[in-house]
Each structure stands twice: as C-alpha cells, then as structure tokens.
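Going down the list, the protein sequences come from chains A and B.
Under our numbering, think of the first position of the first sequence as 6, with each following residue one higher.
Under our numbering, think of the first position of the second sequence as 3, with each following residue one higher.
It is worth saying that the hints were derived from the structure and are not from the lab.
If a hint is listed, it holds; no wrong ones were tucked in.
Here are a few chain B residues that sit away from chain A, every Cβ distance over 12 angstroms (derived from the structure):
1) 215
2) 216
3) 301
4) 457
Not everything, but these chain B residues come out facing chain A in the computed CB check (under 7 angstroms):
5) 77
6) 243
7) 266
8) 271
All residues carry an ideal CB built from backbone N, CA and C; glycine is no exception.
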Amino acid sequence: MSMLKHEWRLLMRSRLTVAALLLLLVLTALAVGAGIAQVRTEAATIARLTAMHDTAASTARDPTHGGDAGYVAYYTFFPTWQSPSAASFLAAGMRDVSPYVLRVRALALQSQLHDGETLNPEVTVLGRFDLAFVLTYLAPLFVIALLHDLVSDERQSGRLRLLLTLPGPVAALWWRRAALRYLALFACVAMPVIVGSGVQGLPLPAVAEVLTVVAAYLAFWVGLALIVGARPWRAATHAIALMGVWAVLTLVLPGLANLASSRAAPVGQGVDLTLTQREHINAAWDRPRDETMQAFFQTHPQWSATAALPEKFHWKWYFAFHQLGDEAVAADAQAYRDGLLTRQTWSEHLGWVLPGVAVQVALQRLAETDLRAQLAYQDRVTAFHDRLRAFYYPFVFNDVRFTRHDVARLPRFGEPVDTPLALSTVDAPGVEVGRNDAKNAATADVPGWARVAASGLLMLLLGGLAIRRVRLD
Amino acid sequence: MRVIFLIARDAWRHMLRDRVAVVGALLLLVLTVIAAATSHERQRDAMAQRERYQADVDQQFDAQPDRHPHRMVHYGQFVFRPLSPLAAFDSGIDAYTGTMIFLEGHRQNTANFGDARQSSSLLRFGQLTPAFVMQTLAPLLLVFLGFGLVARERAAGTLRILITQGVSGRQIAAGKALALLGAAAAVLLPAAMALFFLAFGDVQAMVSASLLTAGYTLWLAIWALGIVAVSTLCARPRDGLMALLAVWVTVVILLPRLGAAWADARAPLTTRFETDIAIARDLAAIGDSHRPDDPHFARFKADVLKRHGVTRLEDLPVNYRGLVAIEGERLTSALFNRYATASFERQAAQSATVDSLAWLAPTLAVRRLSMTLTQTDLPSYRRFVEQAEAYRYRLVQSLNQMQAEKVDYVNERKGAGPTRIAQSNWESIPDFVFDAEAPQTVIARAGQPAMVLLVWLLLAGGALAAAARTLDGRVSSAMRRARVPDTRSTEAAS
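Isolated chain A, as found in the complex (with noise of 0.2 angstroms):
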C-alpha cells in the first residue's frame, strides 16, 4: 500500500500528467453534460410538439367534418414519438439523422415512414460530442500519454539498469505504475458518467454496463501501450507506434469496414419500394373500382359483406388501394429492412475485432440511439397505424356517423415506459409493440460490452505479459 501511495505521488508530480487527467475530466465531464442538454431538448420537443397538436386539434373547426370518418381520417395527422431513453445521454447514435417525432394519418404508411426530418447536413457531418466520442476517440489518446514510456522513460533516464537489478521481479513495478495510471484514468471518465448517470435516473444494471465498456476500452489500450512499450525503443517511437495504431484502429479500418459493408450489403431498395408503392397507389384511379374492391377483400374479408360502392366517390375504394398499395410493397418493405439490419449485424460483428466500433455499439445498443432502435420506432408507428385503420375502417365501410364522442376515442399513440437495457417489453393497454419489436430491440446475440471485454481481456493479459520481458537493450 504504502508503494501504491508513493507511485501516486510521484505520479502527481509530474504537471503534465496532472494536466491531462483534469483534461479527460472535463471533456468527459462536458460531453455527460452536452449528452443530458440533448436529451432534456428532445424531452421538450416532443412535449411541445404533442401539446401543438392537441391545440390545434382542438381549434378545428368541426372535428367531426360532419360526420364523415373518410373525411376525418384523411385530414387528421397523428403525433407519433420515440422519447429518448433515460441512457440516451451516452451516445446520440442515429437521433441526429432519423426523426424521433413523425406525423403519421391513415393513408398508405410506407411513404409516410421515410420522410426526412429537418438537419444541417454540414452540422451533423461533423459529429456529435458525446460520451461515446470521448471514450472511442479521446481516452485511448490520454492512455497513450501517460503509459508510452513507462519503461523508455526509464531506461532513458539510465534508471532501468538499476530497477533490474533490483531484487524481485521488476514487472511489480510496472503493474503497479500501470494499474495506477488505468485506476487513474478510469475514474476521471467514470465519476462523470456516475453523476450524469445518477442525474438522469439510470438503473444500476446500465450504469454497471458503462462502466465495464469504459473499464474494459480502457484495458484494451493500457495492454497495447504496455506491449508496445516493452519494446526497447525511444519514448518518441513508442508514442509514435501507439497513435499510429490508434489512427489505424478508429480512423482507417472502420472507413474501410464501411466501404466493404456497404458494398456487401447493399441497400438500394427504398427508392424502388417508394417507386412500386406509387405505381400501385396511383393506377388505382385508373382500374376498375370493383376490381380493388375484390383484391382487398381477399385479404380482408371481414369487411367483404358491407355495402357495395355507389357511383360517387366513396372513402373506402380510397382507403382500400391506399392499404393495398401498402400490402404491395410489404415483401420490398421486408428486404429493405432487413438489408439494414444486415448493416447492422456487420458492423457488430466487427466489434469484435475493432474495439472502437465496439464500444460505439454497446453504448448506442444501451442507448437506445442505434438503427435497431430506429427500426423498433418504425414498428411502433406501424402497429399504431394498424390501430389508426382498425379504429377508422368501422366507420368508413359501415358508413357510420363519426359523433364528437367519437373524436375523443380516436386512438393515441403511446410508447412503452423506459425499459432498462431494452431487455423486457411492457404490455401496456395503448402502447405499441411492432411485429418485429421484439426481434429488433433485444435481438444481440451477445451484449455489446462482452465484445469489448474480451478484446479488452486479452489486451491486458498480453500487454502483461508482454511487460516482463523487458531487457535493458
């Protein structure tokens, strides 16, 4: 103990050192802040936004448009939302890109699904400074700092000839250093993510998980530092070496893994599922009206008995081919969706090769941020819009009056309470579950931080015993 504490002051004796830790603090410090700033935003979004459309709900002039539920349905757009996740501080994932609030009616949903929403392209090229940027990119950049001359500093001092002579093995000294240095570092990370943590109202499971990706991130660059380290180079040439795999490991392979997914998998099918769709939506009006009837029928039949069409206009012909213009498009739907996830499985896989990816995984996993969570968004507006048709096709096809008591019973759109770690789905009365939530949100095969850890473990474990070799040349 008391060599740990003399470690450590000579450790704080050194200004630099001193510095750069403060430094990671705050940065760490100022992206938990910025994160918790975001969420807050968003949080006031959707209520603002939600509360607009109550408003102007209810200073429409006759909600009922006289009784006409084809009329209601077509005019009525429905607030639809994807709340941030109360870890969603810890990395924005894809939140920037996709809406997480989307007005969605009755009509055909597939083109209401991929509508873009309002960004700065050059704004969000340039990335977000989150927690999971500072992690990736920043900390292995203050591991490399501290720990490349563990051993040069040493030997270039002419201290190394001593500490070998020294009785007991000499590799103590420098796990002892190490350790000191990765406790150090770990903590300037961690105590941010644990107050921003605690703030936010995260579950203890989670914050557990954060920290193992950050413990474990951090291992893997303290091993590489130490295995490099152990070579009987300069100072210079370690640093050298170690931010030149640093460049290789987060700015070059993931570019590289993405040229090589994108050309793996790729993904041109929702301009063709947005072109069938048409085609199909808009020949409609060109085909006999009794022919859609039938082809909708079949696959709905419990509405095959109602009514048959009069020689005017009449909602349901509309409703009918909007809905097959959907069921059209649905196998292309499919594909388009799963050559995403596809993507998605791609670049987990990698993680266990790049610990950056994934470390940007397991965060955005826990997030809630990442395109599985997109996806899981996309099958809650879809089930609501199959509540939206099932609400609105009695009306419609029975040709009964929409009263103002049916206003109020119109359906609403809700969204499961906050479920740690995405693990457990609610069942609640009005909440949407898609038909390919449970696939989508829970579906890791392994938890993303297990990637980081093993590569983190065996980082460690090689850069230990990398550690005792080292000679005096």
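Given chain A, put chain B in place with the hints provided.
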C-alpha cells in the same frame, strides 16, 4: 542556399532511414489509392444508379395513360440529385442529404434515403475518401516525420556544432522546413493525381481540381512550417511530439465536434413536424380551396366571373376548377418556400458559426474549401432542392393549366362526359435538368476559407521565423556562458 539544401538532404536521409516514417508514408500512400479507387467506384455506381432511376421515372411519367390532369398532379414526379464529378474526392455532406425528392401537388416533400439513415454506426467513423486522408491523416504523418527535425539535433548536441560552424538558425530552420515540405509534397502527390484523374475531360472540374490542389498545398504547408517551428522551440523531441499531437487532436478531432455542438445550441432548427403544423395553420388563414365558403376563394370567384363578364361558372371559357387549382398551388407554394428559405437561412447561419471557428482550427477552413470546390456543400445541395421545387411548381401549374384549358367544367362537375386528356400531354412537359452552379460563383465562395488558410500560413511562417531567431540567440548565449570564443567570424573568414 546550398547550406539549406544540404540540411534538407540530411533530414530526408534521416527520414528514409527511420522505418516508422517509411511505413507511415507507405500506409498513407496505399490509403490514398484505396480511398480514391473505392470512392470513385462508389460514386460512379451511385451516379449511374441515380441516372437510371431518373430516366426510368421520366419515362414512366411520359407513359402514363390518358387521364385527368389532376391525377397527374398526385402521381407526381421524382427527381434524383446528381453528383458532381469531384464528389468522389470529397463526398462532403452527400451521405447526410437525401438522394431523391418526390414532387407532387399541394406538398413540399423532404429529400429521402440519404446514406446516413441507411448505414450502421460505421458511417459515423467517417468516410474513407481522399479528402479525409488529406485532412485528417496527412497532418498526423507530418507530425510523426517532423517533430524531431530540430529538437533531435539539439538533444544530440549537433545543433550547437552546426551553429558554431557558421550555419545560421534561419538556414537550419529553412532547411528543415524544406525537408518537411518535400515530404508534404510527396504525401499530396497521389491525392492530387487522383483529383486530376476524376476531373479529367471536364474543364470546369479541372479548374476546381487545380484550386483544390492549391488549397491542400496550403493546408499541408501550414502543418509543415508549424511543426518545424514547434520542433525548433522544444528542448527535447518528446516534448515536441507531445505538443504537436495535442495540437493535432484539438484542431482535427476535437474542435470540429465542439463547433457542431456550439452551432446547434446557438440556433437550433425547427423540426419538420412543427413546420408542417405551422404551414397548415398559415394555410387555414390564407384560404382553403377545398372549402366552398372560404373568403379568399369567394373573392377569387367573384373576380374571375367579373373579369370574363359572366355570372355563372359554367359560362366561363375555361375550367374554373383548374383556375382554383392554379391559385391554390400559388398560395401554398409561396408559403412552403417561405418556410424552406427560413430553414435554409438558419442552416447557413449554423454553418457560418462553425466556419468562424476556422480561425482557431484551420481544419474547418480546409474542409469548407474542399466541400465548396467539389460542390458537396450545403449551398450546392440547397441549389438542387430549390431547383427541384421550382420544377415541381412549373410541373404542377402546367398540369393545372391543362385542367383549366382542356377539361370541360360541366363534364367534370356533373360527370356528364369525358374528363381525361391525352397521354401526349405528359410528354410535352420537359424533364428535370439540374443546372450546376457557375464556376465563378463556386470559386468566389471558396475565397473566404482560402483566405483563412493563407493567414494561417503566414502565422506558421512567422512562428517559424521567430523560432529560428531564438536558435541563434539561445546557442550564442549558451556559448557565452560556456566562455567559448565565438568562432563564427573566423569560420567565415577562412
């Protein structure tokens, strides 16, 4: 001058002996080639795909059967954003913008299916383009190559020998800078070649490519001079390396993200949801063509009747419903454009906020210069969106015009007769053609970031000159302390 070359040659020999440096340089070369080749292929595929889609939808539009023109207003048209020839060098914001817009009546849709929403988290690590290699990795390699250029000589004691032999600090700094500039040129060469390969055959792109090469030359020169200056000032090579790495991380990795966060916090954008509601509200205020008792359209109707000197809609020489559609579209489009312009203005303000940080982080200046000249920046995208919208307006209004002139009002109103018009009408509407920006305006936009880079180059040069002066000063004061007679005069005499 000869001395400077000798020093530079010695530094090059040193770099070539250093295995880490050679491996680094080779790695960068390979990366540039891979990035250029794959990026080129990707861009070519994307371009071909978009052109094919565009041709398909144009053909589909023309091949629509005889029908009522308003059906065509709802059938709509798609336009695909073409890519500039240099987008393969710097993809800029391409992944974050949609690739196609659906144009239809009564609505202004968003551009959808951008790559960012379709990619896994990997895209966020950055796209491996030659621009990324030049902006991010090349300066890092220069740091590795140059951090010890002067500091190493000092640590080894050779610096003092050089100076006692009559070499001035200025000559040493110039020689070392020349050596690193040479390395920078070697790094830049493959990227420049890629650039000219992409631009080949297109005069305008060639001009942009030349300017872009000049811009990246500035960018790497700033680093080269700055690195030698730091190396001159630092007592030990290690200190120099640490300081330079800190600068690189701050300037290249950290500040751009902080800038984005700052810009976003200063002027947050309105969500599409909100804009849609606001538009719907404004629309209800100015007039709803679907409502018979709407005051605006009641006035409109009275005007039309008066203008034609008739009392009944049936007596008009044109189809009144077509006129209403034209008027309705005019009102809604004006409203859409007002909101779209406001949103673009706000985005431009955000970008300006980020750009102002270029005085702290020249990375942002070189990014801006690169995106501008390759036409993958926000103004280029905005140009596309606005042209698409102008096209949408023309398309919808010409269809509405057809309704007014070619469809009989009574037939349409009472279902008394045919309301369809011939397919040839669809063919008569011209296809969408994107009109790219004139080279002068692109170049004019690149002026500001180029100026920022020039100022940075002057600063780096000034810092190097100042650092070079301290070399003489420090060494001679050290010599005075050591009471060694100044040998410079005798050396010069002999």
